[in-house]
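> The residues making up each chain are set out below.
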Amino acid sequence: GESVGLHLPTLSVQEGDNSIINCAYSNSASDYFIWYKQESGKGPQFIIDIRSNMDKRQGQRVTVLLNKTVKHLSLQIAATQPGDSAVYFCAEKWTGRRALTFGSGTRLQVQP
Amino acid sequence: DGGITQSPKYLFRKEGQNVTLSCEQNLNHDAMYWYRQDPGQGLRLIYYSQIVNDFQKGDIAEGYSVSREKKESFPLTVTSAQKNPTAFYLCASSIGQGGNQPQHFGDGTRLSIL
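Sequence order for the protein chains is A and B.
Going by my numbering, the letters in the first sequence line up with residues 2 to 113, in that order.
Going by my numbering, the letters in the second sequence line up with residues 2 to 115, in that order.
Hints may be right or wrong, so weigh each one.
Listed next, the in silico PhoX-like pairs over lysine-lysine satisfying Cα-Cα at most 25 Å (straight line) [to be verified]:
| hint | chain 1 | residue 1 | chain 2 | residue 2 |
| --- | --- | --- | --- | --- |
| 1 | B | K71 | B | K84 |
| 2 | B | K84 | B | K58 |
| 3 | B | K72 | A | K43 |
| 4 | B | K72 | A | K69 |
| 5 | B | K10 | B | K84 |
| 6 | A | K43 | A | K57 |
Calculated directly from the structure, the hints in this document are not laboratory data.
Quick caveat, the model's predicted, so the values are computed rather than measured.
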């Protein structure tokens, strides 16, 4: 079936570098996408979202890029900090479905 | 502060026993959701409710039941029919009913089998 997936299960970066976390989706009917950060033992925390009529959206230190041609979503984190270490999930909402479908997650490790 | 409260944080179930996980929100959100998370995996949707007294099955509803008698509360019962209930359970809510808004999560309940 159609699902959300991630290219890299673990990403290790140096403190101060920029991080890019990628997500591939296969449902071309998805109309809403969202990124979450999850720390150990806690619930996911909303980072940023984007609708399918947009290509890019920026937040504080984060940018989400949506490429509908190749069905690719990415999260860019500028000047990565140790507090950014966590598991990051992308999720999509299929048109006509009122709930999110989550990917399996990427672990970001920030080296001091 | 507004938010989502899940209780208890840890729960143990005996074989053949039903257990109920609590989820309360004071965000005045219409929609509420229950997810299951297994180690090293993403979230899978169990049930969701767009409005009081209405709810729909998600992708893995077998062995679970829910109720939505009040806007702020969406309890999940893990029944004895759920043969592999050990997991981290997450409750979420969102302001709208269409699904195109961020879901806000509680800090979860970890359920284990004795």
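> Output the numbers, in ascending order, of every earlier hint that fails for this structure.
Of the numbered hints given earlier, those the structure breaks are 1, 4 and 6, listed in rising order.
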